[in-house]
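We have chain A; now place chain B onto it with these hints.
Listed in order, the protein sequences are those of chains A and B. The first sequence begins at 455 in the numbering used here and counts up by one. The second sequence begins at 12 in the numbering used here and counts up by one.
Some hints could be false.
[What the hints assert, rightly or not] Computed footprint of chain B on chain A, listed as stretches where at least three residues anywhere in the stretch have a Cβ under 8 angstroms from a Cβ of chain B: (1) 519-528; (2) 636-648; (3) 801-808; (4) 851-859.
[To be verified] Listed next, the in silico SDA-like pairs over lysine to any residue satisfying Cα-Cα at most 25 angstroms (straight line): (5) B:Lys599 / A:Arg692; (6) B:Lys582 / A:Asp541; (7) B:Lys597 / A:Ala857; (8) B:Lys602 / A:Asp704; (9) B:Lys593 / A:Gly722; (10) B:Lys582 / A:Glu791.
Treat the hints as calculated values from the structure; they're not laboratory data. C-beta atoms are modelled at their ideal positions from N, C-alpha and C, and glycine is treated no differently.
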Amino acid sequence: MPSVLPDGEPVPDDGSLPASALTGAAERPLGFYLHVPYCATRCGYCDFNTYTASELRGTGGALASRDTYASNLVEEIRLARKVLGDDPRPVRTVFVGGGTPTLLAASDLVTALGAIRDEFGLAADAEISTEANPESVDPAYLAELRAGGFNRISFGMQSARQHVLKVLDRTHTPGRPEACVAEARAAGFSHVNLDLIYGTPGESDDDWRASLDAAIGAGPDHVSAYALIVEEGTQLARRIRRGEVPMTDDDVHADRYLIADEALSRAGFSWYEVSNWATSDAGRCLHNELYWRGADWWGAGPGAHSHVGGVRWWNVKHPGAYAQALGDGRSPGAGREILPDEDRRVERVLLELRLREGCPLSLLRPDGLAASRRALADGLLEPSAYDAGRAVLTLRGRLLADAVVRDLVD
Amino acid sequence: MPATPTNVPEPSRTDPALIRNFCIIAHIDHGKSTLADRMLQLTGVVEQRQMRAQYLDRMDIERERGITIKSQAVRLPWAPTEGEGQDKTHILNMIDTPGHVDFTYEVSRSLAACEGTVLLVDAAQGIEAQTLANLYLAMENDLTIIPVLNKIDLPAAQPEKFSEELANLIGCQPEDVLKVSAKTGIGVDSLLDRVVRDVPPPVGVADAPARAMIFDSVYDSYRGVVTYVRVIDGKLNKRERIKMMSTGATHELLEIGTNSPEMLAADGLAVGEVGYLITGVKDVRQSKVGDTITTLSKGATEALGGYKDPKPMVFSGLYPLDGSEYPDLREALDKLQLNDAALVYEPETSAALGFGFRVGFLGLLHLDVIRERLEREFGLDLIATAPNVVYRVIMEDGTEHTVTNPSEFPEGKIDQVYEPTVRATLLAPSEFIGSIMELCQNRRGVLLGMDYLSEDRVEIRYTLPLAEIVFDFFDQLKSKTRGYASLDYEPTGEQSAQLVKVDILLHGDKVDAFSAVTHKDQAYAYGVRLVAKLRELIPRQAFEIPVQAAIGSRVIARETIRAIRKDVLAKCYGGDISRKRKLLEKQKEGKKRMKMVGSVEVPQEAFIAVLSSDESASKKK
Chain A
455 MPSVLPDGEP VPDDGSLPAS ALTGAAERPL GFYLHVPYCA TRCGYCDFNT YTASELRGTG
515 GALASRDTYA SNLVEEIRLA RKVLGDDPRP VRTVFVGGGT PTLLAASDLV TALGAIRDEF
575 GLAADAEIST EANPESVDPA YLAELRAGGF NRISFGMQSA RQHVLKVLDR THTPGRPEAC
635 VAEARAAGFS HVNLDLIYGT PGESDDDWRA SLDAAIGAGP DHVSAYALIV EEGTQLARRI
695 RRGEVPMTDD DVHADRYLIA DEALSRAGFS WYEVSNWATS DAGRCLHNEL YWRGADWWGA
755 GPGAHSHVGG VRWWNVKHPG AYAQALGDGR SPGAGREILP DEDRRVERVL LELRLREGCP
815 LSLLRPDGLA ASRRALADGL LEPSAYDAGR AVLTLRGRLL ADAVVRDLVD
Chain B
12 MPATPTNVPE PSRTDPALIR NFCIIAHIDH GKSTLADRML QLTGVVEQRQ MRAQYLDRMD
72 IERERGITIK SQAVRLPWAP TEGEGQDKTH ILNMIDTPGH VDFTYEVSRS LAACEGTVLL
132 VDAAQGIEAQ TLANLYLAME NDLTIIPVLN KIDLPAAQPE KFSEELANLI GCQPEDVLKV
192 SAKTGIGVDS LLDRVVRDVP PPVGVADAPA RAMIFDSVYD SYRGVVTYVR VIDGKLNKRE
252 RIKMMSTGAT HELLEIGTNS PEMLAADGLA VGEVGYLITG VKDVRQSKVG DTITTLSKGA
312 TEALGGYKDP KPMVFSGLYP LDGSEYPDLR EALDKLQLND AALVYEPETS AALGFGFRVG
372 FLGLLHLDVI RERLEREFGL DLIATAPNVV YRVIMEDGTE HTVTNPSEFP EGKIDQVYEP
432 TVRATLLAPS EFIGSIMELC QNRRGVLLGM DYLSEDRVEI RYTLPLAEIV FDFFDQLKSK
492 TRGYASLDYE PTGEQSAQLV KVDILLHGDK VDAFSAVTHK DQAYAYGVRL VAKLRELIPR
552 QAFEIPVQAA IGSRVIARET IRAIRKDVLA KCYGGDISRK RKLLEKQKEG KKRMKMVGSV
612 EVPQEAFIAV LSSDESASKK K
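For reference, chain A alone in the conformation it holds in the complex:
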């Protein structure tokens, strides 16, 4: 989650939602995102809302403490129960992200999950995921999570090459993430993901191939591969501006993407979102799909974003301010936007077009439809899907997805 919050209108103190938000809620799955805003050290490329111990020292005092953080999450989950009132939906997915969730004790994560179970109930086949840092888990930790109800885990592997990890400020040793996959499998996790980053300054095509091979060899059922985005205000952006490391060219990113799709496809993975591949439909990350399909989710934690029925809101960023709001019995929401129908349509096009199923042509207006025919002729959309009434990106189309979206939303 990027750290810069959008502009919006204020959130009421009690966090209440307009009635429109809950219309038709029964049709939509409900998920929970739990944000853990702590890291042992800050990585040079990261602009997420996360804090190291030294960054927090003296700014939020006890309120921002990692030790009591799980109780903050529990409080917000209870607030969610109040806001959603008698919404009968059990929770379909829970995703713990960060930051570094595994900097908390496994029991803290289990406690937070327990609060969701107590307040809302979990669906029978609920997907319960957490992100994990390869250096901060061991078999005992994994076993405790698994016993507490977690069934999916995502490791930040990023690269198999030491020199690439170094530019990214990642502290784990090459080989450790692959070992984590085996440990997670042994602990009984049915779904395991590895996150990879390509296009890091100094990375070669061969480095990238080696990372893909190592990831595939470890046997996860899901791989996410992201082009490195150099965000303003990060250490990496400063180093590039000073000329200490080179900026990676977009064409290199395009080449690396093609390499990834080729290697993953060959290994039996198929893409289901622009940056995500899975070995089967069951291996897809259901929680992320909630984001892309306009479902409802409650994001708890500092800076976390939520969406319920066309209302998007986001929490205050700082852990201290967040804990303070909850302590005072107020919603930690910093701002929200209530989306008009046209914005909801535009969001659907821009999100669904990134998916393997694409978006229905019926979502497009006449200009967008005409643009879709040009995109089809240019080889950016799949002809067979198009005939079936859907806009689905081709491999080249996936690399130009934003350009296609700009034309199709007309």
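Coordinates of chain B only, in the frame set by chain A:
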């Protein structure tokens, strides 16, 4: 301070022996407007409490830039405090002259209305090229010169040094140079005394047929055209019918009078007097600077000499950024033309820029001022193509073309191309001789001569093609001489030159707005520079775009904008969605501001960046 003089002679009944017609020649910033302010106060025509800075400069732009574009004439009563004529009220007509090279013709007409001039020079800076040129003009007109150093209160003032310089220039003694501070008022009364003492009274034939010279013509939205005249012979009376001698057009004199400094109607203007008249015409082109006015009955048969039609020297295409503002642009130009006989324009269509006008200007300042007024007073956003001059092209078959727009430069077998030339005068501290000569040499200049004005100041004269000056010569000159050099130029005719048209092609389509006429030897550099710039400024698109520079069908430079291969953000999770939608809205706004050239989307910024020189582009930021 003397009180307002009594027994002030009235217009139309003033003894010419009591009249002094003078102007002030000064460089921008040397304090002419401030001096005029002091004179208005000292002679009592403007009351203290109504005084505002630069009283006579009407337009905002004039006040902001500290320049006078349109001149004025003010009737000042003054009784000398000493010497001959002491305590006898005289009439001083102060004619304010425009201060820029583009308006040399208007300056020459203002000078022709005077018998004397105050040469006003900044005591910290010395004389500048423009002032020197106007001084020479005044000397040719046999005007009495009163040398004055202004700003003597400044710590950096060097009155001895510059008195010497002025004395050398006009052939007087350094002690004769008056020292004033227009800001504090020191010495201004002595200056007025000197005007009465030194400037000769006008000499005209009182009973001859009336002849009055127009030295300025201003459009006023309430009163129509206000024409400023100097009566040379005879007399003009109110409600008389008058005739413009260049066109033969006749008009009723609705009002005649003088400025003090507001308009004040009178019975008429007699020989030697200066004032205004109103005839009800709505367009300054019907009342042209330099023309002679006479009476309809018993009028003069011979006009005064020196009249010229204004001739545009520099052309530029002006296009509204938003095509729907084209009618507004037309209306704005129509309005400006009411007050600017030198402004000419005709509609023009550019494949790249849409509908606009090809506009002719007297020179670069004229262009700048008009463009700024269009943008500021009329709220228009404009793209201006790079300024160009007029070319005369003779084909091998003998046909002749006059080219005011580079994209209309003829194809086919060309025998000769003629371009306008100017005689440029540059004044600078002698340490910059080398850099100035290098600049002029690079601009195809031919050295005419060089003279030292004083030990460390030099006057350098060159013949230069006007085309070499219109682009960024002045900026270059300023930067190479740290702002110390000044430039003046006057048209001298034309010369044959090896000129070619360079076209720019985007994806095979000619972009008319980027066509330029350059010297054969500079064509390659121009082509290379432009295609490189365009490659940088045009975003990559779905297909590969060749960017070429060509002379006729021969390509002289080429760059390629590679097809875009990646345009997708890798991550799009819950917290990214709002941001992503907002980014999309912003990108779509940006797309709307693109101009289509064939199938290529060109951002407006690319046009603006390419059409303006590097210097002026960065200056505007």
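Taking the hints in turn, this is what the structure says about them:
{"no.": "1", "hint": "519-528", "result": "violated (count 0)"}
{"no.": "2", "hint": "636-648", "result": "violated (count 0)"}
{"no.": "3", "hint": "801-808", "result": "holds (count 4)"}
{"no.": "4", "hint": "851-859", "result": "holds (count 7)"}
{"no.": "5", "hint": "B:Lys599 / A:Arg692", "result": "29 angstroms, violated"}
{"no.": "6", "hint": "B:Lys582 / A:Asp541", "result": "31 angstroms, violated"}
{"no.": "7", "hint": "B:Lys597 / A:Ala857", "result": "13 angstroms, holds"}
{"no.": "8", "hint": "B:Lys602 / A:Asp704", "result": "20 angstroms, holds"}
{"no.": "9", "hint": "B:Lys593 / A:Gly722", "result": "36 angstroms, violated"}
{"no.": "10", "hint": "B:Lys582 / A:Glu791", "result": "21 angstroms, holds"}
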